[in-house]
Amino acid sequence: MKKFAAIHFISGESIDLYEDTFIETVNNISGSDNFYTQVMFSGSLFEEDFSMKKVNPSKPKLGLLGMFSDSDFFTVDEVKKVYYKSSSIHSINFY
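Converting from the sequence shown to the working numbering requires adding 15 to each position, the first position being numbered 1.
Hint data in this document are derived by calculation from the structure and do not stem from the laboratory. This structure is a prediction, so every number in the text was calculated from the model and none was measured. Positions of the beta carbon are idealized from the N, C-alpha and C atoms, including for glycine. Please note: incorrect hints may appear among the correct ones.
Unchecked claim - Have a look at the derived ranges for each label pair, beta carbon to beta carbon:
1. 109 - 48: 16 to 22 Å
2. 94 - 21: 35 to 41 Å
3. 50 - 84: 20 to 26 Å
4. 92 - 44: 29 to 35 Å
5. 84 - 61: 35 to 41 Å
6. 48 - 18: 22 to 28 Å
7. 34 - 55: 16 to 22 Å
8. 52 - 17: 28 to 34 Å
9. 95 - 45: 18 to 24 Å
10. 54 - 34: 19 to 25 Å
11. 48 - 21: 17 to 23 Å
12. 53 - 92: 36 to 42 Å
13. 48 - 81: 29 to 35 Å
14. 49 - 23: 15 to 21 Å
Unchecked claim - Lysine-lysine pairs mimicking BS3-like chemistry, simulated, CA-CA at most 30 Å apart:
15. 76 - 95
16. 100 - 74
17. 17 - 95
18. 74 - 17
19. 17 - 96
20. 74 - 18
21. 76 - 17
22. 96 - 76
23. 18 - 76
24. 100 - 18
25. 18 - 95
26. 100 - 17
27. 96 - 18
28. 95 - 74
29. 100 - 76
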């Protein structure tokens, strides 16, 4: 599958995103007596049933930037073992 982007973190770590990479973004939602998260997006960026059109129809790169800008945490692991804080992103390179 074709490489779409590389995410670079403040720590120096990088993650490559391919067109079929699974991504899940979540937002923190807290009430007066509990903490939990709400999933904003879950799937591959270019799935036929999703196809980035719901994020930004004409500019998928801007859609991805908006998705990360508007989320608190994200994972690129379908097993969901590691979540990254979205604010720890230093830069995103697109290919």
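Each hint, compared with the structure:
1. Restraint check, residue 109 to residue 48: a C-beta distance of roughly 42 Å breaks the suggested window 16 to 22 Å.
2. Hint check: residue 94 to residue 21, Cβ distance near 21 Å, so the stated range 35 to 41 Å is violated.
3. For residue 50 and residue 84, the Cβ-Cβ distance of about 22 Å falls inside the hinted range of 20 to 26 Å, so the restraint holds.
4. Judged by the Cβ atoms, the range 29 to 35 Å given for residue 92 and residue 44 is violated: they are separated by roughly 22 Å.
5. For residue 84 and residue 61, the hinted distance range of 35 to 41 Å is not satisfied, since their beta carbons lie about 20 Å from each other.
6. Checked against the hint of 22 to 28 Å, the pair residue 48 and residue 18 fails, with Cβ atoms roughly 44 Å apart.
7. Between residue 34 and residue 55 the C-beta distance comes to about 20 Å, which sits within the given range of 16 to 22 Å.
8. Checked against the hint of 28 to 34 Å, the C-beta distance between residue 52 and residue 17 comes to roughly 30 Å, which is consistent with it.
9. Separated by about 20 Å at the C-beta atoms, residue 95 and residue 45 satisfy the suggested range of 18 to 24 Å.
10. Distance hint check for residue 54 and residue 34: the Cβ-Cβ separation is about 21 Å, which falls inside the suggested range of 19 to 25 Å.
11. For residue 48 and residue 21, the Cβ-Cβ distance of about 40 Å falls outside the hinted range of 17 to 23 Å, so the restraint is violated.
12. For the pair residue 53 and residue 92, the beta carbons lie near 19 Å from each other, so the given range of 36 to 42 Å is not met.
13. In this structure, residue 48 and residue 81 meet the distance hint of 29 to 35 Å, their C-beta atoms being roughly 32 Å apart.
14. For the pair residue 49 and residue 23, the beta carbons lie near 34 Å from each other, so the given range of 15 to 21 Å is not met.
15. Restraint check for residue 76 and residue 95: satisfied, since their Cα atoms lie roughly 24 Å apart, inside the 30 Å limit.
16. With a C-alpha separation of about 24 Å, the suggested pair residue 100 and residue 74 falls inside the 30 Å cut-off, and the hint holds.
17. Distance restraint check for residue 17 and residue 95: the Cα-Cα separation of roughly 23 Å lies within the 30 Å cut-off, and the hinted pair is therefore satisfied.
18. Pair hint residue 74 plus residue 17 holds up; C-alpha atoms about 17 Å apart against a cutoff of 30 Å.
19. Distance hint between residue 17 and residue 96 is fulfilled; the C-alpha atoms sit about 24 Å from each other, no more than 30 Å.
20. Proposed proximity of residue 74 and residue 18 is supported: the alpha carbons are some 17 Å apart, at most 30 Å.
21. For the given pair, residue 76 sits about 14 Å from residue 17 by alpha-carbon distance, which is consistent with the 30 Å threshold.
22. Between residue 96 and residue 76, the direct Cα distance comes to roughly 26 Å. Compliance with the 30 Å bound is thereby established for this hinted pair.
23. At roughly 13 Å between alpha-carbon atoms, residue 18 and residue 76 fall within 30 Å of each other, so this suggested pair holds.
24. For the hint linking residue 100 to residue 18, the alpha-carbon distance of about 22 Å falls within 30 Å, and the restraint holds.
25. With a C-alpha separation of about 21 Å, the suggested pair residue 18 and residue 95 falls inside the 30 Å cut-off, and the hint holds.
26. Under the criterion of a C-alpha separation no larger than 30 Å, the hint pairing residue 100 with residue 17 is consistent with the structure, at around 25 Å.
27. This hinted pair checks out: residue 96 and residue 18 have alpha carbons roughly 22 Å apart, not beyond 30 Å.
28. Distance check on the hinted pair: residue 95 and residue 74 sit about 28 Å apart at the alpha-carbon level, within 30 Å; holds.
29. Pair hint residue 100 plus residue 76 holds up; C-alpha atoms about 20 Å apart against a cutoff of 30 Å.
Hints 1, 2, 4, 5, 6, 11, 12, 14, counting from the list given before, are not met by this structure.
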